[in-house]
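Colleague: For reference, the chains in residue letters:
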Amino acid sequence: MNHKYVLNLITVFLLITNIGLSGCAHVAPWERGVLAKPQMAVDPLPMQSVTRAHNYGSREAAASTHSAGGGGGCGCF
Amino acid sequence: MIKQIQLLFSVGLALNLMMIAPLAAISVGDSLPACALTSLDGSHEHNLQALRGKVIYVDFWASWCPPCVKSFPFLNQLENDLKNQGLQVVAINLDEELADAQIFLDKYPADFAIALDPDKQCAQDFGVIAMPSSYLIDRKGVVRHVHHGFRSGDVSALRLVIESVLGEPL
Amino acid sequence: MKTGSHQPGDRQQKQVDSSQSRESKLPAGSSSNTTLQALTSAALVLPGLLMQPVQAADAGAGADSFSFHYSRFQEGKRKLFTVPNNVKPIQADVIHASGGLSLTDRVKFSFNYSRDTWSGATPVTTAPLATNGNRPILENTPFGVITSGASPFVNTKILLDRQLNPIRRDPLTGQVIGKDTRLVEIISSASPETRDAANFNLGYEWNEAALNISGGLSSENDFESRYGNVSGRLDFNQKLTSLKFGLGYSKSDIAAILDQDIIPYLTRTAYAKQIESRGGSEILHGGRQDWTASLGLTQILGKRALIDTNIGYTHSTGLMENPYKAMTVIFVDPDVLNDGQDTLITGDVRALVEQRPGVRNQLAISSKYVQHISPFDAALHLNYKFSFDDWGINTNTFTVDWVQPLGNGWTLTPRIRYYSQSAANFYQPFLFSQQNFSQNVVDTSGREVWEDVNNPDTLFVRDENFNLLDRDGNLVDEALLNVQPKTTPFDAKKLPKSFSSDHRLSGFGSLSGGVTLNKRLVRGIELQAGFEYYARASSLKLGGGGGSGFADFNYYVANAAIKIDIEKLNFSSHSGGGSGNAQAHHKVSGQHHHGGHVPAGVMSGHMLDKAGDFMFGYRFMYGRMGGDILHGDLVASDQEVVTQGCSDTLNCRVAPTFMNMKMHMLNVMYAPTDWLNLMIMPKFVDMEMNLRELSGRPDPLPGVHEHTGIAGHATGGVGDTTISSLVKLYDVPGHRLHMGLGFSAPTGNVGLEFRRVFQIDGGLDHFGMQLGSGTWDFLPSLTYTGESSRWSWGAQLNGAKRMESKNKSGYRLGDEFQATTWGGYNLTKWLSASIRGIYTVQGAIQGDFNAFNGRSGPQDFPGNQGGQYWDIGLGVSASVPKGKFVGNTLSFEWLQPIRTDVNGFQLDRKGALAASWSYHF
Numbered sequence: 001m002n003h004k005y006v007l008n009l010i011t012v013f014l015l016i017t018n019i020g021l022s023g024c025a026h027v028a029p030w031e032r033g034v035l036a037k038p039q040m041a042v043d044p045l046p047m048q049s050v051t052r053a054h055n056y057g058s059r060e061a062a063a064s065t066h067s068a069g070g071g072g073g074c075g076c077f
Numbered sequence: 001m002i003k004q005i006q007l008l009f010s011v012g013l014a015l016n017l018m019m020i021a022p023l024a025a026i027s028v029g030d031s032l033p034a035c036a037l038t039s040l041d042g043s044h045e046h047n048l049q050a051l052r053g054k055v056i057y058v059d060f061w062a063s064w065c066p067p068c069v070k071s072f073p074f075l076n077q078l079e080n081d082l083k084n085q086g087l088q089v090v091a092i093n094l095d096e097e098l099a100d101a102q103i104f105l106d107k108y109p110a111d112f113a114i115a116l117d118p119d120k121q122c123a124q125d126f127g128v129i130a131m132p133s134s135y136l137i138d139r140k141g142v143v144r145h146v147h148h149g150f151r152s153g154d155v156s157a158l159r160l161v162i163e164s165v166l167g168e169p170l
Numbered sequence: 001m002k003t004g005s006h007q008p009g010d011r012q013q014k015q016v017d018s019s020q021s022r023e024s025k026l027p028a029g030s031s032s033n034t035t036l037q038a039l040t041s042a043a044l045v046l047p048g049l050l051m052q053p054v055q056a057a058d059a060g061a062g063a064d065s066f067s068f069h070y071s072r073f074q075e076g077k078r079k080l081f082t083v084p085n086n087v088k089p090i091q092a093d094v095i096h097a098s099g100g101l102s103l104t105d106r107v108k109f110s111f112n113y114s115r116d117t118w119s120g121a122t123p124v125t126t127a128p129l130a131t132n133g134n135r136p137i138l139e140n141t142p143f144g145v146i147t148s149g150a151s152p153f154v155n156t157k158i159l160l161d162r163q164l165n166p167i168r169r170d171p172l173t174g175q176v177i178g179k180d181t182r183l184v185e186i187i188s189s190a191s192p193e194t195r196d197a198a199n200f201n202l203g204y205e206w207n208e209a210a211l212n213i214s215g216g217l218s219s220e221n222d223f224e225s226r227y228g229n230v231s232g233r234l235d236f237n238q239k240l241t242s243l244k245f246g247l248g249y250s251k252s253d254i255a256a257i258l259d260q261d262i263i264p265y266l267t268r269t270a271y272a273k274q275i276e277s278r279g280g281s282e283i284l285h286g287g288r289q290d291w292t293a294s295l296g297l298t299q300i301l302g303k304r305a306l307i308d309t310n311i312g313y314t315h316s317t318g319l320m321e322n323p324y325k326a327m328t329v330i331f332v333d334p335d336v337l338n339d340g341q342d343t344l345i346t347g348d349v350r351a352l353v354e355q356r357p358g359v360r361n362q363l364a365i366s367s368k369y370v371q372h373i374s375p376f377d378a379a380l381h382l383n384y385k386f387s388f389d390d391w392g393i394n395t396n397t398f399t400v401d402w403v404q405p406l407g408n409g410w411t412l413t414p415r416i417r418y419y420s421q422s423a424a425n426f427y428q429p430f431l432f433s434q435q436n437f438s439q440n441v442v443d444t445s446g447r448e449v450w451e452d453v454n455n456p457d458t459l460f461v462r463d464e465n466f467n468l469l470d471r472d473g474n475l476v477d478e479a480l481l482n483v484q485p486k487t488t489p490f491d492a493k494k495l496p497k498s499f500s501s502d503h504r505l506s507g508f509g510s511l512s513g514g515v516t517l518n519k520r521l522v523r524g525i526e527l528q529a530g531f532e533y534y535a536r537a538s539s540l541k542l543g544g545g546g547g548s549g550f551a552d553f554n555y556y557v558a559n560a561a562i563k564i565d566i567e568k569l570n571f572s573s574h575s576g577g578g579s580g581n582a583q584a585h586h587k588v589s590g591q592h593h594h595g596g597h598v599p600a601g602v603m604s605g606h607m608l609d610k611a612g613d614f615m616f617g618y619r620f621m622y623g624r625m626g627g628d629i630l631h632g633d634l635v636a637s638d639q640e641v642v643t644q645g646c647s648d649t650l651n652c653r654v655a656p657t658f659m660n661m662k663m664h665m666l667n668v669m670y671a672p673t674d675w676l677n678l679m680i681m682p683k684f685v686d687m688e689m690n691l692r693e694l695s696g697r698p699d700p701l702p703g704v705h706e707h708t709g710i711a712g713h714a715t716g717g718v719g720d721t722t723i724s725s726l727v728k729l730y731d732v733p734g735h736r737l738h739m740g741l742g743f744s745a746p747t748g749n750v751g752l753e754f755r756r757v758f759q760i761d762g763g764l765d766h767f768g769m770q771l772g773s774g775t776w777d778f779l780p781s782l783t784y785t786g787e788s789s790r791w792s793w794g795a796q797l798n799g800a801k802r803m804e805s806k807n808k809s810g811y812r813l814g815d816e817f818q819a820t821t822w823g824g825y826n827l828t829k830w831l832s833a834s835i836r837g838i839y840t841v842q843g844a845i846q847g848d849f850n851a852f853n854g855r856s857g858p859q860d861f862p863g864n865q866g867g868q869y870w871d872i873g874l875g876v877s878a879s880v881p882k883g884k885f886v887g888n889t890l891s892f893e894w895l896q897p898i899r900t901d902v903n904g905f906q907l908d909r910k911g912a913l914a915a916s917w918s919y920h921f
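Residue numbers (this note's numbering), protein chains in the order written: chain A, 1 to 77; chain B, 1 to 170; chain C, 1 to 921.
What the hints contain is simulated information worked out from the structure, not anything from laboratory work. All C-beta atoms in this analysis are idealised placements derived from N, C-alpha and C, irrespective of residue type, glycine included. Warning: the hint list may mix true and false statements.
[To be verified] No more than 20 Å apart at the CA atoms, straight line, and that leaves these computed lysine to aspartate or glutamate pairs for EDC-like:
{"hint": "1", "chain 1": "C", "residue 1": "K303", "chain 2": "B", "residue 2": "E97"}
{"hint": "2", "chain 1": "C", "residue 1": "K563", "chain 2": "A", "residue 2": "D43"}
{"hint": "3", "chain 1": "C", "residue 1": "K303", "chain 2": "B", "residue 2": "E79"}
{"hint": "4", "chain 1": "A", "residue 1": "K37", "chain 2": "C", "residue 2": "D377"}
{"hint": "5", "chain 1": "A", "residue 1": "K37", "chain 2": "B", "residue 2": "E97"}
{"hint": "6", "chain 1": "C", "residue 1": "K303", "chain 2": "A", "residue 2": "D43"}
[Claimed, not checked] Here are a few chain B residues that sit away from chain A, every Cβ distance over 10 Å (derived from the structure):
{"hint": "7", "residue": "H46"}
{"hint": "8", "residue": "N47"}
{"hint": "9", "residue": "G53"}
{"hint": "10", "residue": "N84"}
{"hint": "11", "residue": "G141"}
{"hint": "12", "residue": "V155"}
[To be verified] If we take Cβ atoms under 8 Å as the criterion, some of the chain B residues that face chain A in the derived model are:
{"hint": "13", "residue": "W64"}
{"hint": "14", "residue": "P66"}
{"hint": "15", "residue": "D95"}
{"hint": "16", "residue": "L98"}
{"hint": "17", "residue": "A99"}
{"hint": "18", "residue": "G127"}
{"hint": "19", "residue": "V128"}
{"hint": "20", "residue": "A130"}
{"hint": "21", "residue": "M131"}
{"hint": "22", "residue": "D154"}
Just need the whole structure built from these sequences, with the hints factored in.
Modeller: As structure tokens, this is what we get:
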């Protein structure tokens, strides 16, 4: 795959992401009942994710973006 | 190329961070906003201002908020221990589905007053920025303490503030 | 075809059978170390780099919980095209335990422990099918000679045409079949291996931020990694936006014990400086460091949607090769190739340890969009990841998850994933090199140079009459020397700087799909089961060009998990109250634990009293044997072991030096009524043993491979599963009596074999290294416990009666009986100490292996099993009497052997440790 094509792809992808972000509506703290649902968690099945990452990692050569996690959710303090 | 991506990312991030919605939040020293609340079944209308003369502990909560669950035993304790000294606990539910609140209350019974804020006007007037949020209002109707969230370690400090405000003469 | 070109082949066929042959019979990994080791292990998946996602912004969610997770990875057989693949493909069992507890309302501590055990066959290299690298194994059967499997050969000869196209011949007759450009993986089997990993994490939460510090260790025979990372989260915009960051570092030490059986056939000159010789083994040393940095952003887009974007950068330096993977290089003599003729030529096929660049930079970016689908109350998760690195590997991953709550606490999550990667720029299935692998040295006048093997600096030439001459031209008496032609090896500079034929660095695509089912039960218990099927195919590569599908394979993963959320338990326990402080409504543990605390080594020692109660427990047992070989209760000399330890017709050649056994047991107990408890206990075991040669031993038997060396050998995996019931017989204050009726199901494998070495089957592993009894066993027990003020005491009789006459490997373990009694004293309200006496008797093994076993030492004979044992146990037990962690009990017990009287000849015992944690709710 040629590099330029891929980079363009990322650029487009990032732009879309950013348009999405800046265009998003304000969600009041009391309007996050749906976001607080377990199925809406960024990683709804963390135990499965660990196992899968391990298996994919042993058979594929992709890099990982695993970061600290978090974000999303009910917005509770 | 990598630099370009990073640049894009940072620009995007900056854009997002600037997009903070302005909200006039109530803070210590402000006076109690006039809030039109209803009882759980929607039948009775209440106004927080009508409680003037009492120390009011206003708590905004929702059924889906884990720390709210944790705060219920504390609110029950306040109601039972300090009601006679003139404390009125008002827990204002902000659920978008009333049924959720009712299921929650069946599971975690409340000894204190539960009110609804059907059009969320009260929450907006208070400028609630987190769940749960609680406000301590003295007998003169002045906000004396604002607390966001609820953790078990907050209990003793909150209780101290409440008792001190209760001890003040009218 | 010119007949002349057949001759090297014919010679080659003869050489195959000679053990002195230069032909390679690549064995399938020795008993101790394997081609497999670095494969599913830390070398590729550095655990420290996969940061565990810390809980989301929701304060308190899942803070105090523990979970246990088991998964089974099973790969399908690789294609060998011309021969049947009769070796077991890779299989891995992973157990994972984790727990979290909040030390204060803002400080959280969590830990993870995981243990992987894997075994099976894996590719060591790739070669043209024409090399016949997977050499057929012939077997005589009543129906004639059949090909029963394949054995790997990495050093061989290949016929080529002048365009260097491989010409395949029949591996048995040498008959030329014709041009065949197909490729094949050379498969080699391996004995089981184990990895242990643990990490600890400490986190602090502010209202709008979090910081975590964690560190851990991953350890296996040949690879040890230490790692640490710092990660954090900052919330903005009323938590609509979260910024996340992480920084990690990992340092690994590699000490790969090269396969003693492959060494003669493996070209490893590039690593000469890193290889240490010790105890007859060659150990390849190396180090590796990895830095990772990540940055992420989660943004809530609306009431029903959010997006999560992450960028990760990894910088790695050091030994990134898999030292068990080789590159097939076909050396072609340029003089022959360019001699102007059109006959077939012969290539010299060699296996070189792979070489990868010493630096790797990887960048990955991923984005996930989560949308709530209101009509179904489901969540759609769309995930895309792109990564690239300076090895030339670009990857694209698309994943779609649909999380569907079904009501009553059930959730079903189907998932589909597509992955594609391009090849590393140094990936080649195999290489040609136009030079000789080694070449005779000639002097300036064209004469062959000879050297003295014992003194390689002394060189000679021969005159026309084949007389040996020294440098000055003087005649030398050859009878006094050991001369051979001096050779020079190939020029490594003519090969690429880096090369690997590891198919994981090739271009390919994969498609996988799976489903996870969750059930939230009452009281914060969550059960989870998942399944995933994965298919790799070169043809699935994005944009094509993945080459032929010779390396295609598939695997599936099945897993099950239990998670218990302590906080939710606490809420439900006081939900009826309605008022008061949360602490006031917790149960008091004393209610449940009559008879004080039972020592950690006692099984089925206490009952749950209240109908509806649950107990979840984890028990770990470690036992070590080592030191002298005993005959009865006396130390036996090597000579005695040699002559009496095995059988009348066969003397012992080796004896064990040590054996370690580790057992992890999970225990779930439930009380349907107040007089009956039901219990299930799955077990996971791993064992390690090493052997030494006895002094005065007889010579090795032909056809039997003896696995000695510095590394020992290991087995591991799922053990037997106990299902039992406890029945209360008598219960007055201070005295209780209960009976246990249990069964042990033969879920542990008793057919574990050593790998094939030099085309010789390793045969069944020792009795003591098998993972279970192999039979259904009846496990009765009777337990009495008593207590008075701070004192407690108890006694138990228990046994194991095998209910079948033999297991699938032809034998059955001896029956067991144990009597034990103990006394305990409560030092404080929460801490107690105990002392215990144990007598155990176990019969010898009945029957014998029904398949080949090496019979190399006393451990392989059924009479040398079981005996009588006396032990003293010293234990401590701590239980949390009140507060959030009420119901948790942690106990330890050390068992010190006092007297050992074994049947026949056996290794002495060194002691055992039992550790038990249980949570009662």
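Colleague: Which of the listed hints are not met by the structure?
Modeller: 3, 16, 17, 18 and 22
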